[in-house]
Amino acid sequence: MTNGWVDMKNTDMMLIMGGNPAENHPCGFKWAIEAKRTRSAKMISVDPRFTRTSAVADLFCQIRAGTDIAFLGGVIKYAIENNRIAKDYLIHFTNAAFVVEGDFKLPADTDGVFSGFDAERHSYNRASWNYSGGKPAQTASTAAGQSAAPPPLPPLPEKVDYDLTLENPNCVFQLLKKHYSRYTPEMVERITGIPKEEFQKAAELYTSIRKDGDMKKAGTIIYAVGWTQHSFGTQIIRTAAMLQLLLGNVGRAGGGVNALRGHSNIQGATDMAGLFDSLPGYLKVPTPADSSFDAWMKRTTPTTSKPAPWNSWNYYSNTPKFTVSFLKTMYGDAATKQNGWAYDYLPKVDRDYSWTHLWDNMYNGLIKGMFAFGMNGVAIGPDSKKNIDALKKAEFLVVGEIYPDETSEFWRSPGISQDEMKQIKTTVYRLPCAGFAEKDGSFTNSARWLLWKNAAVPTPGECRLDQAIVAQIFLKVRELYKKDGKFPDPILKLTWGYTDPKSPSLAEVLKELNGKALADLEDPATKAQIKAGQQLPGFAWLKDDGTTACGNWIYSGSFTEAGNQTARRDPSDPSNMGVHPGWGWSWPANRRVLYNRASCDVDGKPWDATRRQIWWNEGTEKWVGNDVPDFKADSHPKDHMGPFIMNAEGVGRIFAPLGAFADGPFPEYYEPFESPIQNPLHPERTNNPVVTGLKSADDKYGTVKDYPVVCTTFRLTEHYHYWTKNNPMNVQLVPEPFIEMGAEMANEMGIRGGEKVKVSSARGEYIAKAMVTKRIKAMMIDGKKTYQIGIPFHWGYRGIAEDEGKTERMMVNLLTPTIVDPNAHTPEFKGFLVKVEKA
Amino acid sequence: MQATRRDFLKFTTIGGAAAAIFGFDLEPAYAQLRVLKIARANETRSTCPYCAVGCGTIIYTIGDRAKNVTPQVVHVEGDPDHPTNRGTLCPKGASLEQDILNDRRLLKPQVRRPGGTDWQDISWDQALDEIAQKVKDTRDQTFIEKDGKGNTVNRLETIAWTGGCTDTNEFNFLVVKTMRALGVVHLENQARV
Amino acid sequence: MNHSDQILSHGRILRYEFHERLTHWIAAGSYIYLMLTGLAFYSPWCFWIAALLGGGQVSRMLHPWAGLIFTGAILKMFSMWSAQMYPTGADKAWWDSIGHYIRNEDDQMPAAGRYNAGQKLLFWGFIICGVLLLLSGAILWFPEYVPWNLRFLRYLAVLIHPSAALLTIGLFLIHIYMSVFAERGAFGSIIRGDVSLAFAKRYHPGWYEEITGQPASPKK
Amino acid sequence: MSQATLRVQKMSGHAGSVPGDDAQREFTVCKLIDTTTCIGCKACEVACMEWNDLPFGETVFDNTYQTMPETRWNYWNLILFNEHEKEDGSLMWLMRKNQCMHCAEPGCLAACPADGAIVQYTNGIVDFQQANCIGCGYCITGCPFDIPKMNPKTNRVFKCTLCADRVSEGLEPACIKSCPTGCLHFGSKEDMKDLAEKRAKQLRDDYNFPQAGVYDPAGVGGTGVVYVLHDATRPELYGGLPSNPSIPWSVKLWKGPLKWLGNVAMVGGLIGLFVHYLRFGPKSREDEDIHPRGENP
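Residue numbers (this note's numbering), protein chains in the order written: chain A, 1 to 839; chain B, 1 to 193; chain C, 1 to 220; chain D, 1 to 297.
Please keep in mind that the hints were generated in silico from the structure rather than gathered at the bench.
Certain hints may be false.
[Stated by the list, open to error] Taking lysine-lysine pairs in the DSS-like style, the calculated list, with each CA pair at most 30 angstroms apart, reads:
id, chain 1, residue 1, chain 2, residue 2
1, A, LYS486, B, LYS134
2, A, LYS393, B, LYS108
3, A, LYS777, D, LYS86
Fair warning: this is a prediction, and the values are worked out from it, not measured in the lab.
Looking at chain A on its own, in the form it has when it is part of the complex:
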């Protein structure tokens, strides 16, 4: 979330799409309701099903799963045509005025792809996706037939050509206008199935906050994995971000682009880089081609790129400070300037090791052993059968869990006979872990707030704390490597200075994350001093000379000399805008609304005087306010420093240049990988051109001929993933799995509510009772009557109802495809094809 849960109460307009917060985030959703109650804010719900959110929305549009880019593109077109854009914001705070290189081509001109498409490799040479800046582009063409990795991209130009009148035909704004001119209401209707009158009602209502360019009101876009889980998920979110920039909603109270994360600490897991392609604090992993630490830094540290008279802080120019401090935390004294801060110890990554590839690699025999801690990969899918088949080939599996789960019992999943079981060679260890109430530590919520929790009860039985298990395994491995073994250095040199090495105190780990001074430090400007060994006050103190250690730079400030900031419990909110600066601690630097400089006009005055977040104080020549300025505190407005300090340009990217995204600098609408129609925009290019399926025998993809129904998966508010099927209270609320289908479809098939239905995809089948409802209607998609169904996914083969034999002991993810988004590598759980029969 750019903003936060409580901040939603400041909004005037909500577009909730690709998410169902009433269902999945009820307690955060209260602030959306609060806006309705106190500000008479309006809410638009766009969803494949009429959901609990839709029940309290002011306008509902039923959309075909996966067609969100068409909808949002249509809204962008509507906003531009009806002058419902934030002109000043657009010119000064975004790259709308930037001029793009002449050889950049839009899909309208190049058969449905952007310029630079390499059809053989299913990838783009993105050199032409650049600003024009009079600097000669480096050689970027690829010799025909050459099969090496794509050539390195040219840099962004240091001085960007621009046109503040926005009239240059090659400026970002004109390209945007041209690109989305094709997203007419008629086209939106053909693709999404939303009648054009209804679409126009929605577009009119959402953009009404910017009627005649008036900047007072703010609108927010709220989404969740209904957007992420597509083969173009990142681009849906991009479209939303662009719309918000166009309307001047980013950085403002009650505005922003708000991703509602679905789990208590996957925000923290992302921040902490529990993912193959990053290091803590969104640092990029080194590749084998980065021959040294310096080469790595050169590649990953962006250089400023902006119109000459403007300013850009380009905060990621500090990447070396963050990285060196991280490596000092990892390897302590073993990380020296001489050895590139132990650069060799880091594994180098040049392949996709993401979730679906991980299972594919196990399926293909590459992966021998897996740890699954609180991660039920078999149930989570996609393509659960493939994951079960993959585990059969592994040598060992270590599961840390609190309940019996599908993954740890893959070897006796339904359909495996005793004889087959005996053929499965995998050794499975199932270690009893601690529940949430037995552990302390911090979670980072969706609003980036780190909140410390305390342990309330001891672990039951022989259960052990998760951190103790990992520590004990690691220490035993380290003992073994003390004798011999391959490349033992990173294992032997890893810092492990916890008071109790066998069960590290999580408070000590948080201190490590915050970082400390390794030598006496002094701030040259303020003369403030920090002694060696003291906790750092924040990431501004980080150094690239090895005098600071910090596990995760964005968490620097969370555990300072003043103590554990994440445990703060001051609920006060002096501005009454939901800032609560004294409650917990939010990254970065306790800022609650990101990019809040954009809440003011160019001169530093708030767009809306009634919702003042920060402002420029002429007297003190400082940015001050109710929130911590997400900006250089002393940058005078007349210096024209861009508010988007994490971008090299300093401004918001309506056009995402170069390597930012794999599949286009503007989002273009493509059909889901399994789709019922050809793409009406360009039938010859139906799917995302850079997306390809996996190739194993279990990776099967269906077509509309065999599988005519669009299917989407979803969560219920009564259940949480594959966890609460062990909780008798939640099981009482919703005792059985079901399949939600429209009354018209059910009538046609002669299915009544409560009857069993079989849903099949190219990959598997799923049987559950039908929920026949008026809340899903048949849709006309490109002139063809199309049905959609939705399936809640909370069941598997171990749970209260499952063990009592009340379900078919199946997982919905037996149906879902292994197709992933090319940027975020998230599988396309939504909008795949199935057929439906009576069971």
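On the provided structure of chain A, position chains B, C and D as indicated by the hints.
Just chains B, C and D now, with coordinates in the frame of chain A:
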């Protein structure tokens, strides 16, 4: 004995007399109420482990932290001070007591041996020793120091870590530390899916 | 049993056989319990009766079972006595002379058979009210099983049950008064089964004639 | 069990006055349920179950999100889900939290014969005292909202207590506290009425619900639970909320005129018989023609 007029008088007045004799008092001014079950319970501030709203919860346990008490959860309720949830909880958060006191919890280490058709109990020490040995053996056999082009890669592709959604930041960092130190590249998390 | 068997020694006549007496007392016992507990539920002023009888819970628990016993008893009575209870022409005359009856001028009364018209009223009153009490009582016993859309049945039941019960109480009071206080010998007849010839002659002359074959009222 | 500090102002099956009546200054508490912001999340259902430690029961899928068809003795709080198609073809998914309405003039209390089994505290909460409950089920008949439910095992009736144990200690009811969207609100009846009317006005003025209004039925003297409805003219759309509830006519008749008629008749009958005896005595004063009884008692 013969029925007389006196008998009749006796008969009709016996009921009224009985009430007086037994002296029933059926006039409570106050009704019986259940005493507030959390009145003296111990409060622990925690965070709900489900979605990313991060609601503050208060876990009520019996005992006052005295040494001779094993805390037992008696109630879980929203933390009214928490700015986001202000004491509210959803149906999952509100049922957390059943998550803490769940009789389906795994309570001891188990192992399923190759070809096995059921779980066997295993001691912690043996389980951890075996796991460590497998990690060491696998790593030693398959660790890649250089790629085809001669670049140093120092990676371990044969062991994967999949992390859960409810792991704390601190636990995740310990995982990053240990796994990256081993050279693990198949490092993924619920955050991906 | 033929009439001559009913004539006992010592100038007595058998009026109620053992099974009749037993049935009567089963009905009487259960009725008294039902009435007392019913009164307790009927009015707060009588709730103390429930306390005397073991508490409200026990009273409520046993009341319907007692009701079933009572129902069984009156069904038995129905099968035993209904044939003799059908109104006859003489009953009309009896009612016409009710003033004499009230003033204890029994000799002014038209001859009654084994049962006079008042007793027949008692009988039919209890039979009809018994059926009503049973039906309404069944609903009140299991109100939670009466579906919400048939709730009018519950509403009828709460009216019918006490109304019918009140009618029986009226009959009951008169019955007790008559049998215990007003008619010497009546009480004994339901205990031991026999009455004196004089009793039969005085109160049930028709019956007396039937049994003995002699006229009951030489006075007339 | 302890004696808490809520005074009783009405008491079922009670002879004479109620000691707590008219004895204390007190405001009436009230629960406001804004159905227009209810998302049917069932947090209130769970909060109720958890606070009251009610035993879990079986449920089966029934083509709805609703947990069970109706409240149970061990499930006091149930959200009713109704899909309603409006005249213009658009859909409304109506959700209404159903529970005891805590009527000012409770039908259950009127119907209950057991002394002190149902009480109304001076703050308006209607509470069942299972210790005094005799299991007759008259309350089930007396309630116009179909709320009290019998535990078949113990033959005692249960329902929402409005968390009297919490309220008496200064806390809000568990459901109110849990409600994520704030569609539940708690305070004095006066304040809740005010809040409800304001919200209804907002719905009429800003949200195109011209029929929006407040449900506080006069037929039961007003309720301790008031609803804001999108369409107050049709409460039955919300899972059969009665548009004009009152204590059933037969219960009123039974507990009113019939009772007094019966009382008069019974007492009158007794007196009549007594007087008859005094005046006329037994039918046979002399024992000459009746076999003596004394020998054989």
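A quick look at each hint next to the structure:
1. Pair hint LYS486 (chain A) plus LYS134 (chain B) holds up; C-alpha atoms about 14 angstroms apart against a cutoff of 30 angstroms.
2. Of the pairs offered as hints, the one joining LYS393 (chain A) and LYS108 (chain B) holds, with about 26 angstroms between alpha carbons and a cut-off of 30 angstroms not exceeded.
3. Our distance criterion of 30 angstroms between C-alpha atoms is met by LYS777 (chain A) and LYS86 (chain D), whose separation comes to about 15 angstroms.
The structure shown violates none of the earlier numbered hints.
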